[in-house]
Amino acid sequence: MSGPLLLSVRGLGVRYRAEGQSVEALTGIDLDLHARERIAIIGESGSGKSTFGLALAGLLPRGSEVSGSIAWPGLGAAPKPGKDIGIVFQDPGSSLNPVLTVGEQVAEVCRTHLGMGWRRSYARAVELLDRVRLPSPEGIVRAYPHQLSGGQRQRVAIAMAIAGRPRLLIADEATSAIDTVVQAEIVGLIRELCSADALALLFITHDIALASGLVDRIAVFRAARMVEIGPAEEVVSAPSSPYTAALIDAHLGLDAA
Amino acid sequence: MSVLRFLRTPEGAVGGFLLAALAFVALSAPVLFPGDPLAIVGPAYLHPFANPAFPLGTDSLGRNVLAGVMHGARTSLVIGLAAAFAAIVVGSAVGTLAGLFGGVVDEVLMRITEAFQTVPAFLLALAFVSVVGPSMGTVVVAIALSAWTAPARVARAEVLSIRQRDYVAAARAVGMHPLAIAFREVLPNALPPVLSLASVIVASAILIEAALSFLGLGDPNVATWGTMISEGRNVLRSAAYLSIAPGIALMVTVLAIYFAGEGAVEAASARRIAS
Amino acid sequence: MSRTWLLLRRRLIGSVPVILIVVVGTFFLLEAAGGDAVDAYAGEVGADAGLIEQLRQQWGLNESPLTRLATYLWALLHLDLGWSVAFSRPISGLLMERLPNTLLLMGTSTALSFGLGSLLGVVAGARPGSARDRVLSMGALVLYAVPGFWLGLVLALFFSVQLGWLPLAGIETIASGLTGWARAADIARHLVLPASALALIYLALYLRVMRSGMAEVWRMDFIRTARAKGLARRRIVLRHVARNALLPVVTMLGVQSAQMLGGSVVIESVFGYPGLGLLAESAVRGRDTPLLLGIVLLSVVTVIVVNLVVDIVYALLDPRVGAEAEGAR
Ligand SMILES: Nc1ncnc2c1ncn2[C@@H]1O[C@H](COP(=O)(O)OP(=O)(O)OP(=O)(O)O)[C@@H](O)[C@H]1O
Ligand SMILES: [Mg+2]
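Chains as they are written, first to last, in our numbering: chain Y, 1 to 257; chain X, 1 to 275; chain B, 1 to 329.
The hints are simulated quantities; they were obtained by calculation from the structure and are not laboratory data. Wrong hints could be hidden among the right ones.
[Stated by the list, open to error] Restraint-style ranges between C-beta atoms, simulated for each label pair:
1. X:Ser-196 x B:Arg-320: 43 to 53 Å
2. B:Ser-130 x X:Ala-173: 45 to 55 Å
3. Y:Glu-234 x X:Ala-173: 22 to 32 Å
4. X:Ala-268 x Y:Glu-24: 26 to 36 Å
For glycine and all other residues, C-beta sits at the position ideal for the given N, C-alpha and C.
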């Protein structure tokens, strides 16, 4: 299922520094990710999941301290966000620029990373919108975000994320703000795109059930540390850490209710 | 505590210091320069620093420029504060009523507010003073006439959000009179954002007063910076200092008020972050 | 296009009560001044009681206030603003003669202050908190505190009196006989100082609004998205941050149009620039209240029209405007 080593993280630590205070957001994270491998990061709020994604993409805010190493043997160079890594964020309502057309927001990625002119970038944007299963993409390129539904906006965000032909897709709670039916469609779309484009996936979520159906491995974060990592079925059926077990119980309890 | 926080912001420190100095100047003017600052006390067109008795020189009639500038500070501050006070009182009353009663009352009051906002503030003041005649009182009213609209809008918006809160519902439940609710429960809570407009209102009131007296519509019986600038304008070539000195005083005053306002905003936001 | 049209219609309907309220207001001021005008006139020409009575008849001062208001409204509907005592001419003609000059001054200073102000605002807001930002923001605050008419005097002192680079007053060289481009250049030279004096203050305002707008937009989610897309910093600053921060600046443009018109009165007086402002000053000196109130009414109409234009521009810049109205149809 997975290919050569894409990414190797060793002893990664991140500290945020804000107004004289310093917050330890991650410590001692080790992780190897192979090409085409899908991995989920689960954990409670504030455990450092988003920080991990941002650290991989080199998008941490200025003033944050990073220790340890992040190597990209599969790339041979430091990754460029947008080109080597595509990211989809949580809230599709606020993560698109409200005053630019959907087409421009997708096309600007092609123009920046694929060296295309505007005309070709827009043509490529139509193709991408079609790939993420948006109806009549020729019309949608000219639409503004407020004219789309939440699910449609998230499809646009995915189109932007894959527009630079990345090797790794990071979905940071990409389905948390969407209702359940659309959620399943988006997860299906992500799965399909990853297979078709041979993308590796880092799927950050609260929802362990959703994750287990999608990914090869699951990593569990708690209070800045990785408490457990293993094949998806194993982590779900026989968690090695009591925290993971509690997380699964809580989730099942929620589903039963 | 909050005063300390205010003085610790750079803007607050500079603004606070300048305002204190201005207040001192305004208060000490009648002590240092007793008598009418408009009286002729020396030779005409004495340049600044030429005669220690007249540090800023004398004007075309031989009046003491320093005395004029110091007494002018009194006029500016009194008119600025009085106009801002009137504007805030009237504005918050109108805004509170509009927000509280809603419906037709709100519609009518807001239309009136909009109409007043559409008339250029300075033209309205000019028209009012020229019809009623210039005096300290009419200038204050003329300025307040257009300055009340901003506090009215802010007060209305605040009241609309406060109206839904628990203590208002409680007051209504115990049968308090709507007007009592308005002015005892709602207005005090809506006031802080309205007061944050104060610095801008005072500053613009001072600027409007100066412009009015520059055009000869200030109170003719008191020293004002606008009048002094206007008189100096006729001798700009030979005695530019006559316009420059009161102009700098005017600018420093307005700047001090802006700085103090910025300092207050920063101190308030610092407190919000701290709490 | 229909979304803009809906918005326009709503605004036009909304401005009717505003104009009515202003007209009633000016009517009351006119009433308050009415007696004075006759007395002033009588004092000037030395009229006897008979002539005063005749004037009162002629100006309808003996009828009921309501009748007079109706007459006033009827006259206004026919664009008849009355007779200027100070200029011995119909007021509407005077206004129409001066309006273009004021619009030219206002347009020039608006273009200057908006263009330069938002440009410098982008420079400051590109890195909020940087040294460049702090210098520009502080400079803008200082500039914003300068009284416009005094700034005008200082500019005139420096560039006209001392250096002699620019003309001191007026809108063009009198009896120069210039035509075409030479005349336009002459007018432009006369415009430099008054337009700059008027523009510098608003420049400071637009700079600050643009800058604080950008500081706010930087914190938005879609900027994080733009960074994650790996866009060039230049594109993020201009196309994403500044493009969104432009909206409140445009709003401010409408809000400030009334203030700018008021500010131009004093500036025109300083530079003897023959627009509505200088006319207002003459009206005050000549105790010509009908003329002064005519200027007020024309200013209100100008402000409303400017705000309509600003609304249209805003709607073109913000695709979300009027979306609800359209959906509700
Ligand atoms: N820019 C920042 N400055 C300071 N502290 C931060 C910043 N971003 C995150 N933190 C802190 O770092 C810790 C980890 O945050 P992170 O966003 O990675 O958590 P998360 O697991 O993604 O949580 P959630 O599920 O709520 O998204 C938290 O304690 C958070 O408060
Ligand atoms: Mg997160």
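For the range 43 to 53 Å, tell me whether the beta carbons of X:Ser-196 and B:Arg-320 fit it or not. The hint (43 to 53 Å, Cβ to Cβ) is violated, given that X:Ser-196 and B:Arg-320 are roughly 28 Å apart.
Does the Cβ distance between B:Ser-130 and X:Ala-173 fall inside 45 to 55 Å? Taking Cβ atoms as reference, B:Ser-130 and X:Ala-173 lie about 53 Å apart, which means the hint holds.
Range first: 22 to 32 Å. Now tell me if the beta carbons of Y:Glu-234 and X:Ala-173 are that far apart. The hint (22 to 32 Å, Cβ to Cβ) is violated, given that Y:Glu-234 and X:Ala-173 are roughly 60 Å apart.
Evaluate the given range 26 to 36 Å for the C-beta pair formed by X:Ala-268 and Y:Glu-24. 31 Å, holds
In summary, the numbered hints that this structure violates are 1 and 3.
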